[in-house]
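Undergrad: Turn these sequences into a full structure, and let the hints steer you where they fit.
Counting from 35, one number per residue, gives the positions in the sequence shown under my numbering.
No lab work stands behind these hints, which were simulated from the structure alone. Please note: incorrect hints may appear among the correct ones.
[What the hints assert, rightly or not] Computed Cβ-Cβ distance ranges for the label pairs, DEER-style: (1) L84 with L54: 26 to 34 Å; (2) D37 with Y57: 42 to 50 Å; (3) P69 with F95: 19 to 27 Å; (4) F59 with H39: 16 to 24 Å; (5) Q79 with V51: 38 to 46 Å; (6) R98 with D42: 49 to 57 Å.
Owing to the predicted nature of the structure, the values given are computational and were not obtained by experimental measurement. Every residue, glycine too, gets a C-beta built ideally from N, C-alpha and C.
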Amino acid sequence: MRDEHAADRVLEMVESVAHLRGYQFSPQRLAAVVPEVQRLQELVQRLRALPIDDEFPAVQFTPRE
35 MRDEHAADRV LEMVESVAHL RGYQFSPQRL AAVVPEVQRL QELVQRLRAL
85 PIDDEFPAVQ FTPRE
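TA: Next up, the structure:
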């Protein structure tokens, strides 16, 4: 049931973005992209959780003179 609510929220978000940008898509076509949008949102959350700022950079760049 939770997944259905999440899918509904994602579908509403996709519909809103499409409408704001002036795109017209059928409800079936918008619903077809929901799983991919959810996958990308999960990936974004995982990337945001990485402690990137806490680690020393692996490569140092120095300007050439």
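Undergrad: Please go over all the hints and tell whether each is borne out by the structure.
TA: Going down the list of hints, with the structure as the test:
The beta-carbon spacing between L84 and L54, approximately 30 Å, falls within the hinted interval of 26 to 34 Å. For the pair D37 and Y57, the beta carbons lie near 26 Å from each other, so the given range of 42 to 50 Å is not met. Range check, P69 to F95: Cβ separation about 39 Å, and the 19 to 27 Å hint is violated. The supplied range of 16 to 24 Å is met by F59 and H39, whose beta-carbon atoms lie about 22 Å from each other.
Roughly 19 Å separates the CB atoms of Q79 and V51, a value that falls outside the hinted 38 to 46 Å. Taking the beta carbon of each, R98 and D42 are about 54 Å apart, inside 49 to 57 Å as hinted.
Checked against the numbered hints above, the structure breaks hints 2, 3 and 5 and satisfies the rest.
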